Amino acid sequence: MEALTILNWVLDGLLGVSLFSLAWLALASPDIFKAIVLFISFGLLMALAWVRLNAPDVALAEAAIGAGLTGALLLAAFARLEDISIGASDGEEVQSHIQHDSNEEPK
Amino acid sequence: MERSRWLLPLLLMLCLGLGYTVLSMPEPVEGLPEMLVDNMEVAGVSNPVTAVLLNFRGYDTLLEMGVLLVALLGVWSLGGIPDYRESSPGLVLDIMSRQLVPVLILVAGYLLWVGADAPGGAFQAGSLLGAAGVLLLLCGWRIGNRCSGLPLRFLLILGLGMFVVAGTGLLLIGGEFLQYPSPVARELILMIEAAATLSIGATLAAMFLGSLPGGADK
Amino acid sequence: MELILGDVPWIVVLIILPLTGGMACFLFPAISKSLGLLTSLAVVACVWGLGWQLEEEGAQRYAIGGWGAPLGIDLYADGLSLLMLVVAALVGLGISVYSCGYFSPDKANHFWPLWLFLCGALNALFLSSDIFNLYVTLELLGLTAVALVALADGAEALTSAMRYLLISLLGSLFYLLGVAFLYHSFGSLDIAILAQRAEPSPAVWAAVGLISTGLLLKTALFPMHFWLPAAHACAPTPVSALLSALVVKASFYILLRMWLEIFPMVGTSFAQLLGLLGAAAVLWGGIQALRQTRLKLLIAYSTVSQLGYLFLAFPLGTSLAWKGALYMLLSHAMAKAAMFMAAGNILVLGGHDRIAELSSITQRLPLTLTAFTLAGISIMGLPPSGGFIAKWLLLQASIESGQWWWGIILILGGLLAAAYVFKVIGHVFTQDEPTRQAGTLPTTMEWSALVLALVAVLLGLFTSWPLAIMEIGSPFGTGHSG
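Protein chains in written order, with the numbering used here: chain H, 1 to 107; chain U, 1 to 218; chain A, 1 to 482.
Among the hints, erroneous ones may be present.
Claimed, not checked - Cβ pair distances, simulated, as ranges:
no., chain 1, residue 1, chain 2, residue 2, range
1, H, N54, U, L16, 24 to 34 Å
2, H, L48, U, Y20, 21 to 31 Å
3, H, V17, U, G17, 17 to 27 Å
4, U, V184, A, Q396, 54 to 64 Å
Treat the hints as calculated values from the structure; they're not laboratory data. Note that the coordinates shown come from a computational prediction; the quantities given were computed from them, not determined experimentally. Idealized CB from N, CA, C, for every residue including glycine.
Please build the complete structure, drawing on both the sequences and the hints.
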């Protein structure tokens, strides 16, 4: 039984450390795509953490919504950002037109 | 950024303070878990998480369904017309979705049913349905024009609406708001959870559509 | 009739009615305007019903699901909640009337469901007695507010809405962490039970700090006010009025509730800190308001300044001081909503809100001008107005408790407010030619601003009724707290 508790501690420690480092890397990464992928893997490890905390319901929800759906939404938003920036580099006046408009309308 | 110079020490102090607080806390006061176990037979389900979410603290879940709906309203109010053109997917996506979507729907139904006695429940099943919806949307499926107006909106408010209708109905019958009579508690919970599952799935899929990249099918 | 009024659980109706209205507006966008107006009127009627019930039977506690705390969630209504509900219902009615004429049809389809959900969230917040339930209502409130701010078009509005969202989420997370510590320490989430069981310990100190930080972020107390001016100025006008009058007061209400019930053992130093930050907010907000060149930004900074007055009551701590702060909350809500509506009228007719060039537009809007001036009287604290009564109560409390320096802050704040209100009025009362720009303003927009400003002034004359409401259920204890 001693070995099991030591194993538990090691696993929990590894889980905690990797959660922390994944979160830090995701926030500090300059490349948005890399940050999103790190965020998704953070979500999956978080689901494991919930299981270790004896909350399987929350683990299911975290894996599905936190990692899966939020990741999909972030990737979709990122793809749209790429489209806008590609479009803008083709037509510079589009960007400045938007800027000009927002200065004109003090709402 | 000049902000990051004092951000790191601040975060470190916060971490240390929280760590000290957590380590110094005594064992939690027993009281609530015992009360939970005592009232479980009256609650109608045997999974304590479902009992708390849907029966003891069902009002919180009612408000959370509202939060989900408001999130979708916010996404829709930002404008931008979602893609209403159908398109056909590539080969791998085609085959994979044909396998996965029926399995997802089946597992969602299973999670909904088993949530009364084992880990599962409305939110988990609903998120699986949402995932199935996202997969279909990625394959280029779009909801038909006839169904995208009132029927879709009805499906979206079904979860919150069922909660409110059930609560008000129980109020009118003679009890308190959301007071399930013990014999029918299990069935009522299942009914509310089913409505919530459909609603959550539709909301998550609709949120994904609201933000699909415009050039998806060039 | 009395039988019906007494039996209906108005507490529950007040929460369910706006939620149902919001769902109905979402389902049937074509009739959303009339549904929204109807729901606002119904909410006012329900608040009146609840007030009648509280008068007859004292403070009410309602156990949802029949379980009762600590197993279930309790709703609790006393004088303090009733006052907040009255403010929300009246200002909400004014905003509903104003919005009928303000929004174009496609924006209106998005506005009405969001506004009704915000109304439901406010009611649920003011009536809840469970700290986790308060978190859920805070989330609903914050999300609807952000979505409403983002209704305005343009990069400025979207950036300020995003900043507001992130700050709001940060505040909610701090609050939730504090709730977790309290639950772990005392085993219950109900405010009344926590009030009995609370004892000092490191966990409770941490919880107090976290909860207060989270709520202060949401109430935009100096120095955490940086998100407020941009968000309130860039939002559509009815939304600005909503935010300044109601949404920032909701987190203040929670802080007040926790302060009166659970935090009394924390001691006077924290109260002094809150008072100090409040004083800084009054002075800083006033100075910044003087420097603004755009009307809506000036009014937003005025909100930052006026919110500081509310926190002056914490170091004073007597029942008189709390009543003064709540009277300030009440009159500020009316006056600020009226001010924002007046600014909105000017914006709609003139197309801009640069203060230096307002004179030509305002010549065509006499009612709006009157509304702005009356609201300004309340903000300045001149008699007769609600603002004057509130400052008088706070002044009395500060002299009685020997902490006369807060009185100096009150006077300085009043001078600053007079300065920036007269800055606007001075530009306006000139003999300019009325602008020949085409365009009309729906009269409902002008009248709703005027009515709310009149209420703010009348609050200075009819003081006994609001003060009596605050007494129901004696939320302030025996007159001294902390």
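Hint check for U:Y20 and H:L48 - Cβ pair distance inside 21 to 31 Å: holds, 27 Å
Between H:N54 and U:L16, does the C-beta distance stay in 24 to 34 Å? At 27 Å between Cβs, range holds.
Could you say whether the range 17 to 27 Å given as a hint is met by the Cβ separation of H:V17 and U:G17? holds, 21 Å
Determine whether the Cβ-Cβ distance between U:V184 and A:Q396 falls within the hinted range of 54 to 64 Å. Since U:V184 and A:Q396 have Cβ atoms about 58 Å apart, the given range 54 to 64 Å holds.
Against the hints set out earlier in the document, no violation occurs for any number.
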